[in-house]
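> Letter by letter, the chains look like this.
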Amino acid sequence: MRSTAITAKDHFRTTVFPSPFHSRTDPLNRLREWVRWGDYLSAPAYFDASQEYFACRNACGVFDLTPMIKHRISGPDALAYLNRLVPREVSKIRPGRVGYTVWCADDGRVIDDGTLFHLREGDYRLCSQERHIDWLLTNAFGFDVSVVEETHDVAALALQGPTSCATLKRMGLAGIENMKPFGLGYFPFEGTELMVSRTGFTGDLGYELWLGPEHAELLWDRLFEAGDLHGIRPIGETALGLLRIEAGFIQARVDFMPVHETVRSTHTRSPFELGLGWLVDFNKPVFNGRQALREEKRRGSRYRLVKLDIEGNKPANDSFIFKGKKVIGAVTSAMWSPSAKASIALGSVEMPHGEPGEEVEVEVYYQRELKWSRVMARARVIEGVFFEPPRKRQTPPPDY
Amino acid sequence: MPSNNGNCIIIGGGHNGLVCAAYLARAGRKVTVLEAADQVGGAAVTREFAPGFRVPAGAHLLSLLDKRVRGDLDLAANGLVMAREDMASVALSEAGKHLTIAGGSVSGEGVSDADRAAMTEYHRCMKRFAGVLADLHGRIPPRVRTSDRSDLLGLARIGWKIRSLGKADMREFLRIAGINIYDVLEEYFENPLLKGALSLDGVLGTFLGPRSNNSVFCALHRYSGSDGTGIASGGMGAVTAALAAAASGLGAEIRTGSPVARILVEAGQVQGVELENGETVAAGCVVSNADPKSTFFKLLGARHLEAGFVRKIQNLRTRGNASKLHLALNGLPGFTGLDQNLCGERLLIAPDMDYVERAFNHAKYGEYSSRPAAEINIPSCHDDTLAPAGKHVLSAVVQYTPYELKAGWSGAREAFTQQVIDLLEQYAPGIRGQVLHAELLTPADLEREFRIEGGHWHHAELALDQFLMMRPVPGTARYRTPVDGLFLCGAGCHPGGGVMGSAGRNAARVVLDKGGRTPS
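Protein chains in written order, with the working numbering: chain A, 1 to 400; chain B, 1 to 520.
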């Protein structure tokens with residue numbers, strides 16, 4: 001098991017682990033390029049990021065999710081513990097459901113965001129981009145709760161796109177079409193148990209598959225056999241990065257800085273400043289950051305996350321956002337969106353700017369054959385997300 | 001639960017709890033003090049430890065009692081009589097060449113004129129610098145990140161107090177306030193015995209050696225009392241008895257033998273307390289005289305607090321290092337070369353600063369000192385109520401004895417007791433034969449007896465980073481806690497330990513200011 005590998009005394013000799021799917025992803029990686037994600041090797045792209053993007057939007061794509069940091073939280077006080085940890089009311093996430101959440105430090109600034117899986121009664125998995133075992137253990141003081149990191153004990157794949165449900169059906173997951181968004185269920189798979197959740201980072205119909213790393217290769221094989229006629233393709237980080245911007249999902253270290261790694265307090269963000277006020281439930285008497293967030297609610301926030309629809313077709317990466325001559329913020333993520341047929345961006349602006357419908361300007365730098373040019377492009381703050389097909393919410397989803 | 005929001009509960013009838021109760025009662029609040037032990041006093045208590053022999057079981061010398069408390073609560077009318085005031089300190093020498101330190105003067109064999117002059121100057125400086133701290137004792141620490149007028153004025157006042165020392169003294173104050181007493185005493189004095197004795201001022205009751213930073217600060221804290229060192233007639237318990245009488249006289253109800261099991265909270269607001277016997281006492285305002293860790297973790301529960309705050313409280317340095325030794329003696333011990341008249345003074349075993357530093361070395365590694373330092377008092381010299389006629393009690397603070405002894409305290413206590421008596425034997429030959437009964441309270445015992453987590457007499461180490469607006473931790477330094485209606489009033493708050501009562505008085509002022517509720 002992977003966990004023995006990392007706890008072995010010679011773990012330091014290996015700085016980056018191959019994923020349990022490596023024997024399958026390696027031959028498919030025609031670019032032979034690997035980057036590090038957490039403790040693992042991860043493919044930025046297998047062949048061509050834009051083809052992988054289109055595969056995911058028009059058929060289905062498979063992304064190796066194993067490097068995602070996974071924490072397991074269980075024990076009699078698990079619910080009370082989580083309710084103190086995160087601002088949202090965790091009791092509303094019933095067993096068999098998944099909830100998106102952020103968590104904050106006492107100062108109300110976001111540490112990270114992630115998904116909380118209520119696996120079984122009182123047994124939770126918290127997935128996030130960053131490793132938080134120190135903070136999670138700090139939070140455990142005074143609670144009868146077990147908190148462990150299980151990143152290496154769980155292999156995970158994301159299967160995303162319109163044909164994902166059909167692929168899983170063909171793989172033999174009976175009744176998968178009845179799983180609701182943010183639901184999770186267990187399926188027998190080759191003598192073991194496969195956990196499937198209807199979750200993802202693409203804003204489309206999609207699932208995530210979780211099981212022990214010793215069964216990883218078999219899962220990959222069965223999935224690709226089943227998906228063959230449904231256009232299944234492996235996708236890398238670059239394509240996923242595009243998919244998530246269209247979905248309007250934020251990413252730690254890109255759209256916000258985790259507070260524990262930020263020196264300058266004004267460089268962090270609160271949930272309100274990231275458009276996540278809906279995750280903050282002041283009816284709870286105590287949660288980390290409550291007092292500070294109450295105060296922020298009263299006084300008003302400093303920043304606002306905006307989604308921009310920008311004229312033209314040049315991606316506005318790293319651009320300043322202007323109101324007249326004044327810089328009011330900056331773009332944090334940007335792309336030309338093939339699905340929305342628009343240049344889109346996520347950004348952060350100073351309050352009171354950023355009301356939906358507000359017209360701003362974005363300073364876009366672009367290069368053609370080494371020649372840099374600059375254009376001030378008009379942009380509009382939009383409400384909602386850039387890409388949201390009905391199938392994302394439909395149960396059962398349309399059968400492609 | 002019945003609504004009883006006008007009521008105030010004080011958890012713990014130590015001196016600060018009683019002071020707070022008295023001030024609240026005086027302002028017309030309905031106050032109930034719940035004390036776990038069968039008598040009030042907390043660690044400021046006199047109790048029997050052998051038939052017919054009584055000692056102050058915790059604190060034994062009174063030097064810091066807040067003058068305002070003494071006056072406001074009229075402790076004299078409530079029965080406080082001093083048995084002895086303005087005690088001198090005697091630096092004991094094995095060879096009998098003792099030094100006597102009284103205020104700014106030092107006398108004894110081998111003290112140079114230079115040292116005599118330096119003593120005057122040292123005492124002047126320490127008293128003057130301690131005045132800056134003394135001025136802060138009666139004040140509620142100002143908030144730092146604020147635009148509130150009174151906070152800004154408070155901050156300005158601290159700055160002004162330091163500036164008004166004058167250029168030379170201000171520089172000296174700023175130079176020495178954070179550093180170690182070893183270096184400072186080296187600069188002032190020649191005589192090793194004198195330096196050793198004075199260095200104790202900086203380290204008694206702390207996890208510091210003379211060479212540790214903050215030891216000057218701790219010495220300044222000792223110097224910040226307005227009067228000299230004294231003892232009350234009837235021991236330290238008489239001080240708290242007078243406070244209890246004052247509080248009762250003002251209408252506070254005091255219930256002993258009533259240990260609180262937990263603080264009740266609902267929707268972030270205090271509802272009262274539950275006693276260990278299951279009884280519930282409702283109140284909208286609960287003031288805890290217990291130390292911060294006991295208050296927040298044992299009585300309240302970490303789950304009612306945000307995690308960053310919990311971590312700060314966890315990181316409070318609260319491990320005690322001082323033990324109390326009590327000896328019942330069948331006669332006055334004969335210290336080699338010491339005039340019998342001086343036996344009742346504050347006797348110090350600290351032959352030189354390196355001796356004290358070496359004694360501290362053990363503590364760093366979880367061991368007790370093989371040759372400890374000690375502050376000794378024989379209160380029965382001034383107070384015949386403590387021991388049968390002709391007999392005496394000896395009370396000593398003995399260092400260093402870390403709370404977390406590597407080998408554990410079970411079994412070690414007896415060995416250490418014998419070691420301390422051996423040490424005393426070197427200074428007072430024959431004392432071993434005079435011992436009728438010996439009791440040693442290690443920090444672990446002090447924790448148990450007085451319910452102070454870590455057995456630290458200041459509740460939390462007194463240091464610049466745990467002082468004023470940072471005591472016990474930022475966020476609860478103004479006696480308020482993150483839980484509405486819950487306040488702190490013990491030595492873990494500004495201005496710290498020693499039998500002062502200032503924390504209790506300040507806390508009462510905060511409670512009264514807002515009617516026991518935090519605006520939210």
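None of these hints come from the bench; they were simulated from the model.
A portion of the hints provided could be inaccurate.
Below, simulated EDC-like cross-link-like pairs (lysine to aspartate or glutamate); rule was C-alpha separation at most 20 Å, straight line [unchecked claim]:
1. B:K364 / A:E355
2. A:K284 / B:E266
3. B:K312 / A:E355
4. B:K298 / A:D107
5. B:K127 / B:E109
6. B:K391 / B:D352
7. A:K284 / B:E439
8. B:K312 / A:E359
9. A:K325 / A:E359
10. B:K298 / A:D77
11. B:K364 / B:E425
12. A:K325 / A:E295
13. A:K297 / A:E355
> Take the hints in turn and mark each one as holding or not.
Evaluation of the provided hints:
no.	hint	in the structure
1	B:K364 / A:E355	violated (59 Å)
2	A:K284 / B:E266	holds (11 Å)
3	B:K312 / A:E355	violated (39 Å)
4	B:K298 / A:D107	violated (25 Å)
5	B:K127 / B:E109	violated (26 Å)
6	B:K391 / B:D352	violated (31 Å)
7	A:K284 / B:E439	violated (50 Å)
8	B:K312 / A:E359	violated (45 Å)
9	A:K325 / A:E359	holds (13 Å)
10	B:K298 / A:D77	holds (17 Å)
11	B:K364 / B:E425	violated (27 Å)
12	A:K325 / A:E295	violated (32 Å)
13	A:K297 / A:E355	holds (17 Å)
In the structure shown, a violation is registered for the earlier hints numbered 1, 3, 4, 5, 6, 7, 8, 11, 12, in ascending order.
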